[in-house]
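If you're matching them up, the sequences are chains A and B in order.
The letter at position 59 of the first sequence is residue 107 when you use our numbering, and the numbering goes up by one with no holes.
The letter at position 47 of the second sequence is residue 56 when you use our numbering, and the numbering goes up by one with no holes.
The set of hints was computed from the structure by calculation and includes no laboratory data.
For clarity, every value in this text was computed on a predicted model and none was experimentally measured.
Don't take every hint at face value.
Claimed, not checked - 25 angstroms max Cα-Cα, derived DMTMM-like pairs, lysine to aspartate or glutamate:
#1 Lys69(A) to Asp57(B)
#2 Lys69(A) to Asp27(B)
#3 Lys185(B) to Glu88(B)
To be verified - Ranges of calculated distance between the beta carbons of each label pair, as one might list FRET restraints:
#4 Arg21(B) to Asp80(A): 12 to 20 angstroms
#5 Ala119(A) to Glu88(B): 17 to 25 angstroms
#6 Glu113(A) to Ala195(B): 22 to 30 angstroms
#7 Asn147(A) to Arg71(B): 24 to 32 angstroms
#8 Asp137(B) to Asp80(A): 49 to 57 angstroms
#9 Ala86(A) to Gly154(B): 50 to 58 angstroms
We put the CB at the ideal spot given by N, CA and C, even for glycine.
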Amino acid sequence: MAAESKLAPIRKGLLEFLVLKIVGAKSVYVPDILRQLAGTEFATQEGTLYPLLSKLRREDLVHYEWQESGAGPPRKYYQLTDAGRVQLAALDEYWNLINRTIANFGH
Amino acid sequence: MQRIATTVRLNRSVLQFDDAANARLEQYLAESASLLEGDPDPQEILADLEQAVADQCTRRLRPDQTVVTLTELAPALEEIGSVQAPGNSTTSPSPPPREAPSRSLQQVSQGAVISGVCLGLARYFQLDVTLLRVISVLLLLGTGGAMILVYLGLMLLMPYAPLQPGGASIRWLPAKNRRFMEFLRAKLGVDRPGKITA
């Protein structure tokens with residue numbers, strides 16, 4: 049489908065916003081994030097998520113702490129930093145703004 | 010029947026892999042490392058991926074099973090997916106991969122026999138790779154084995170060419186050597202030229 053080639057970059061661009069939203073809601077580890085995204089248009093894989101989280105951590109938007117798990121090795125739980133919260137609020141606001149803009153056209 | 014298994018440390022987990030699964034794992038990790046070239050922090054992402062592979066394989070093992078085979082590894086890697094670099098809003102998008110043979114001296118893992126030194130030299134000097142391999146073997150015999158040191162030196166110093174998706178596959182030995190050299194370089198602090206620092 050021709051539209052798909054235009055939709056893919058939109059999803060790719062929005063994934064970072066969505067990950068910030070998920071991490072912002074509560075402290076999560078990567079399988080939690082994958083589970084929340086699975087079944088949506090934004091379903092993704094560890095191969096995509098780990099490089100993205102590494103970038104967000106370098107930009108000081110998220111940080112993680114190790115937590116022991118009942119079974120298996122300790123897990124990395126991700127949270128937003130203060131800078132991450134500020135950026136998420138800005139993205140949220142901008143997203144609402146462009147949604148309204150788009151809805152106002154084409155009538 | 011005797012099945013030979015290799016014990017592999019994946020980040021914080023230790024698992025046993027049979028030969029086929031081990032070769033596939035080496036290939037996946039070498040590909041991932043290659044795809045992360047240019048990323049400022051590849052070690053952390055690779056450690057996370059190793060852990061993901063370990064967790065996924067552990068989850069798929071039957072209760073009485075101790076050795077990971079392709080039956081567990083293949084779907085695990087399928088679920089993890091290949092490495093996708095995140096789009097970076099602060100810098101311009103990375104240039105498309107170079108198609109033409111690069112003018113820098115690089116080891117070529119895809120189609121290599123030992124580590125890709127001969128293949129890389131052949132590409133650089135635009136020579137036939139078989140000719141170069143024959144010359145290397147003759148030199149090896151002629152120098153009473155001292156040629157090995159030259160080869161090892163080149164293996165340690167020559168950077169790796171980026172993997173071409175859809176290119177020749179990587180054999181078991183080059184994948185193993187590549188992983189070991191990357192480990193050794195990290196330990197010795199031999200920096201790969203062309204690496205972009207943030």
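Hints and how they fare:
1. A hinted pair counts as satisfied when its Cα atoms are at most 25 angstroms apart, and Lys69(A) with Asp57(B) qualifies at roughly 21 angstroms.
2. Note on Lys69(A) and Asp27(B): the hinted pairing is violated, with a Cα-Cα distance of about 41 angstroms set against a maximum of 25 angstroms.
3. A C-alpha spacing of about 23 angstroms is found between Lys185(B) and Glu88(B), which places the hinted pair at or below 25 angstroms, so the restraint holds.
4. At about 19 angstroms, the beta-carbon gap between Arg21(B) and Asp80(A) stays in the expected band of 12 to 20 angstroms.
5. A hinted range of 17 to 25 angstroms holds for the C-beta pair Ala119(A) and Glu88(B), which are about 19 angstroms apart.
6. With their beta carbons about 25 angstroms apart, Glu113(A) and Ala195(B) fall inside the hinted range of 22 to 30 angstroms.
7. Distance hint check for Asn147(A) and Arg71(B): the Cβ-Cβ separation is about 49 angstroms, which falls outside the suggested range of 24 to 32 angstroms.
8. Restraint check, Asp137(B) to Asp80(A): a C-beta distance of roughly 54 angstroms satisfies the suggested window 49 to 57 angstroms.
9. For the hinted restraint 50 to 58 angstroms between Ala86(A) and Gly154(B), the CB-CB distance of approximately 56 angstroms keeps it satisfied.
Violated hints for the displayed structure, listed by number in ascending order: 2 and 7.
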